[in-house]
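**Student:** Spelled out from the first residue to the last, the chains are:
Number of protein chains: 2
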Amino acid sequence: MAETKKIAVIAGDGIGPEVVAEAEKVLQKVGEVFGYSFETEHALFGGIAIDEKGTPLPAETLEVCKRADAVLLGAVGGPKWDNNSKELRPETGLLGIRKELGLFSNLRPAVVFDCLKDASTLKPEVLEGTDLMVVRELTGGIYFGEKFRRETEYGEEAVDTCAYNVTEVERIARQAFDIAMKRRKKLASVDKANVLETSRLWRETVIRVSADYPEVELEHVLVDNCAMQLLRRPSSFDVIVTENMFGDILSDEAAMLTGSIGMLASASLGEGSYGLYEPVHGSAPDIAGQGLANPIATILSTALMLRISFGYGEAADAIERAVAEVLDAGHRTSDIAAGRVEALSTKQMGELILKAIRK
Amino acid sequence: MAETKKIAVIAGDGIGPEVVAEAEKVLQKVGEVFGYSFETEHALFGGIAIDEKGTPLPAETLEVCKRADAVLLGAVGGPKWDNNSKELRPETGLLGIRKELGLFSNLRPAVVFDCLKDASTLKPEVLEGTDLMVVRELTGGIYFGEKFRRETEYGEEAVDTCAYNVTEVERIARQAFDIAMKRRKKLASVDKANVLETSRLWRETVIRVSADYPEVELEHVLVDNCAMQLLRRPSSFDVIVTENMFGDILSDEAAMLTGSIGMLASASLGEGSYGLYEPVHGSAPDIAGQGLANPIATILSTALMLRISFGYGEAADAIERAVAEVLDAGHRTSDIAAGRVEALSTKQMGELILKAIRK
Ligand SMILES: [Mg+2]
Ligand SMILES: [Mg+2]
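Protein sequence lines, in the order shown, are assigned to chains A and B.
Residue 1 is where the first sequence starts when you use full-length UniProt numbering, and the numbers rise one by one after that.
Residue 1 is where the second sequence starts when you use full-length UniProt numbering, and the numbers rise one by one after that.
Isolated chain A (complex conformation) (with noise of 0.2 Å):
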């Protein structure tokens, strides 16, 4: 037996406690399937802790995170809380945690389920074969800069500043590399070299760590030509590692590109093997409580910490199958039905996936 794996979940609002439910059972049944042992403990979080502990992200609840080796996040905020001041949002509570657990990477896989690929806007044969990692660097750039206003002659201005230094750069670059390693070995980075400093010290960076990596094969793309790109050629991306904001953009674009927001996964990751771990989808309030969210983003996000943080790649690979034997089953949650089929239930869905575990 495996040493215990302690994973933090937090449910948070909406349909986060609907999908963690389903992503925990999915955990259990891997445990038993692969002779992993794993200890989860609870914590509040975002809106919900709001209400109950009158703070978005509460000491326990760090606590909890920090004595794990991983969590899993289901998702927060909601229209109920939307309106509160600044510390009192559930937004806050996830740059704090951020802040607090030293997560300095966001990854976005965006991957085309075969039998999904007529859910894109875009044509299937551009799509096909598309299997992306978007990794964004997650504390630095204009988001995180001075910003202030100040009286000029042409009236009032506003100012963010944007600031990137070495230390920044090349951890996520070297992260970058490494996820490269284990895929395709094909990195693009995203900059503005020929505009912004910050994108100049950027790429000086990423080709001086590229050293490290020879077997990694190196682009570099400027952020407007990948806007471009990833709807010409989508499926020619292994790995894009990016700055903040760019990575906000592209993260995004690429995530539509998919057609099915549903189904993705992300890990924010710090230095070592922790992580947290979560859909990209949201808290979904208008669902909310009906049993109707797709639970395969979040069961997916459970797979990738497995392999991230824990290496187990064996058990990991055997979530992923499930989910595509069931989908290629026809079996649909209604974002994904298309009016096509009958929809499931969020535990109906997850029941099938867990039965489809094998090793």
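No lab work stands behind these hints, which were simulated from the structure alone.
All the given hints hold, so there is nothing to weed out.
If chains are identical, the list can't say which one is meant, so a pair holds when it fits in one copy or spans any two.
Simulated pairs of lysine-lysine, DSBU-like, Cα-Cα distance not exceeding 35 Å:
#1 K6 <-> K53
#2 K80 <-> K186
#3 K86 <-> K186
#4 K185 <-> K147
#5 K80 <-> K185
With chain A's structure known, arrange chain B with the ligands on it following the hints.
**Tutor:** Using the frame of chain A, we list chain B with the ligands on its own:
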């Protein structure tokens, strides 16, 4: 006879001279058909100006542009000058001419020609009816802000500064609203107001200006969401207005949506009716001098000039109708032939469009 309009013609590099020659014939024809009088004056710019005058933007070229009512530009740049020092690069001439002529906005229509919609990687039914215009602020934001490096405890750090003042935002907002009033009266203002101070100033200003345009339906779209929505519902957009860098990214994404970048026109405008018009495509050095280039983007840029700078809407319509008619009849240059029909030369395509121009 209407007053004579002076047009500065800058053929530039690569395929520039070939495509501009066809656009000039179109101007001539439109003059005859509609009774307008155009006077063209040619000037050197870009790589050819570097070769012949030692600078990408000679003083006499600027003079020619300044005494004209509008500028028609082919394309600039090529591998020959790529390794030049910054002040001897064709692109530096472009920045210089925009600045000297006070051009603060860039208009990029992204139109899908019905008969070319198969050229896109998007599904024809998604693309159907797409006819949008990206209005990009051209003189402010992070591309022009202060840039520097400094030493920190984390190694070298690079900094870029993004600034916008109320005057800059207001003038582009008014221009975008004016354009929307002449189109379908819908404006999407794109920002990242949930994170950036410049975006909050942008949004406040756009909202304030919107009071003067009660007929225009205004929506605010976050930049990452816009990158998604362009893929999901391209035909729902009319005018999109945004700051420099977001516009750089989104206008390229929108261009790629159409699938035929060789067809896209652009305009750079300042205060009043003055403007510089050019195709979106580049100088295409690989096919330069071979008579293979598609002149349609330059011809459509001329139509934009007639409509925007001269107010000759009827003549502009006639050009656009002629282009559509020639395409509908199945004629193609090699870039849009897709191997299905015999490709025409630049001159043949220009000739057919010329013949199709009528009142
Ligand atoms: Mg985003
Ligand atoms: Mg661009």
